[in-house]
Amino acid sequence: MNTQQPKAKPSAPAIEVVELTKVYSWRERKVVPSKSFLRMLLAGKECETVALDKVSFSVDHGEVFGLLGPNGSGKTTLIKILSNLVIPESGKVVVDGIDVLTSPYVAAARLQTVLSESIGLEKRISARENLLLFAALYNLPKNEANERIDKLLDFFGLTDVADKSSQSFSTGMSRKLSVARVLLSSASVVVFDEPTSGLDPGAADSFRRLILEDLVKAEGKTVLIATHNLAEASFMCNRIALLNRGRLLAIGSPDEVSRTVGDRMHLSVTLDGPGKSLDRLLENLRKAEGVLLAESKDDKGVNEVVVTGRKDMDYTSVFGLISEQGFRVVSLETSSPTLEEAFLRLVREAKR
Amino acid sequence: MRLPGIEWGKVSALMKRDMRNWASYKMQVVIAILGALIGFASWGFNASFRNITFTWQSFQPTPVYTTTYVAFLVSGILVSNIVLSLTSGVTGGLRPWMLESILMTGMKPSTFVIGTAAWSYILSVVLFIPQLMIGIFFFQVNLNVNLLTFMLSVLISGIIVFGISMASVGIRLVTKVTDPVQWILGISLSLLSGQTFPVQYLNNYFPGISNVSWLLPYTWIFDIIRLSTLAGASIFDPGVGEALLISLLYAVILVPIGLYCFVWGLRKAKKQGTLGWW
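Chains as they are written, first to last, in the working numbering: chain E, 1 to 352; chain G, 1001 to 1278.
If you're looking for bench data, these hints aren't it; they were derived computationally from the structure. Among the clues, some could well be false.
Residues from chain E that face chain G, not an exhaustive set, calculated with beta carbons under 7 Å [unchecked claim]:
(1) 23
(2) 24
(3) 86
(4) 98
(5) 101
(6) 105
(7) 108
(8) 116
(9) 120
(10) 122
(11) 124
(12) 129
(13) 136
(14) 137
(15) 347
Values in this document were obtained by computation on a predicted structure and should not be read as measured data. For every residue, glycine included, the Cβ atom is placed at its ideal position computed from N, Cα and C.
Let's have the full structure, built from the sequences with the hints guiding it.
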């Protein structure tokens, strides 16, 4: 599917977020047993939550950029600000050189979003009618709209159900239709909030390939995805930004972010032989200099010990302790921390 | 504040969406048609039961006209059903699950409001035709229509109601469930604006209250449409021209106020992050 010619890369970044801050005010409603209806009605106090705290980053054209973070980290708020659905307290959001806050109508033509919480489709009307509605809202001429709708329906495998009420669609089909809706526009930046949530593994995989191969490679679009699926982010994104409680903790390629905990290394050792006590070995290993963690994995009678230590530690002592306890080393493997570990560690440290 | 232009292609797309949605509920279609006809007939019976002839005294210096109560009431109900359906059409047409994806396309406020109300308005015009037939042939309503005055009256009334609708939607985006604009105007419509009885009648209970009625835009809508349909008044009649001008003044004031309220409500909902919440 190639509904558009890839565009030359302009000099301005596809997305530029500068010192973005968003604070939500809300009323805390505690259940106060009271005989007075008025008191119950007025109970509670005004509270504030900082959803985004001076977040800055930029996304290049043709890049797949991931926003990672636990629930409530500010990902959806950030996406809604980019889509002009939420107004921030301060900061600047620029899409393709257009300021979203001061020129929302122009910016809307450059960036379109598929939100996770609402599919954004009329359920009582058919897939084709939904696409016709949005084609008109995107100002597409009728002939071009019909042509593109046919192409998109065919591409997403929805041609056979094009005239069926979209109420009868599965989650996967609805999601495909909502992406087809966005692809009708000529937006050069497409944003996905939790793109594969609710999809079965097969559908999720096809969907990821669709984004990478068709949107990014063929159409030359810039894609921003918000997810807490770390494997997905590692697989899809050129760069990621890790958010927690509205603050940007790390930014870079998945490898670079993983290396933010790069002062560590894992050593997995498979043991054999008439060892005295695995528990004693683990206890001694944990006391050894430079060792941060020592765990055992008993996999079908094979003893495997995983030692996590500082990258610059002397592992000779580890082997000495293994030998001391009467074990033999059958195999060993070293590995760097994963993105998941980096994520968990950075979030844990930010909580302190 | 800039008054953005209306994108008619988008209005038409939203109208078609609402029509297809409406038609997809078969029972709703049947009940809406039957309900409109039965409701209208019951008002007609009520009016013919007390069929009296009286002189409608508009706010001076608009001309007076003599009509039967059945004609007065039927015209009042028709106006309510056609013109005022705009307000309920807009608020009823707000779809929380679609609001964000629709607004994300970069739609201008005026386009959104008209587009959301369009189908509801067309439907009431379609339902108006059999109602008018019932009024004329069954309840013997004598119409004396001046087409030019009538068309101008409908146009001005539409603009007034459009302004009110925008204000109503703006407030509804913040309050979510109900809005005081529609509530106050709804009450004033049936109580003070002369929908079902002449506003002067209220003076028997609260002397001078009819002066308050003439401050309400809906009273002027009823007046100019009755003048054009029951009295056959020409726009060149000095009194009618003045009534139209006063109505136009309301329209000119209410549209920017409505737009301001809509933009305020949209901005507040975006600030609170509750645009798609309901």
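Right, here's what the structure says about each hint:
1. 23: violated (10 Å)
2. 24: holds (6 Å)
3. 86: OK, holds: residue 86 of chain E within 7 Å of chain G, min 5 Å.
4. 98: violated (11 Å)
5. 101: violated (10 Å)
6. 105: holds (4 Å)
7. 108: Holds: closest Cβ of chain G sits about 3 Å from residue 108 of chain E, inside 7 Å.
8. 116: violated (12 Å)
9. 120: holds (3 Å)
10. 122: Interface hint status for residue 122 of chain E: holds (6 Å vs cutoff 7 Å).
11. 124: OK, holds: residue 124 of chain E within 7 Å of chain G, min 4 Å.
12. 129: holds (6 Å)
13. 136: Hint on residue 136 of chain E: holds, closest Cβ of chain G at ~3 Å, below 7 Å.
14. 137: The hint holds - residue 137 of chain E has a Cβ within 7 Å of chain G, the shortest such distance being about 4 Å.
15. 347: Interface hint status for residue 347 of chain E: violated (23 Å vs cutoff 7 Å).
Going through the hint list in order, the structure does not satisfy hints 1, 4, 5, 8 and 15.
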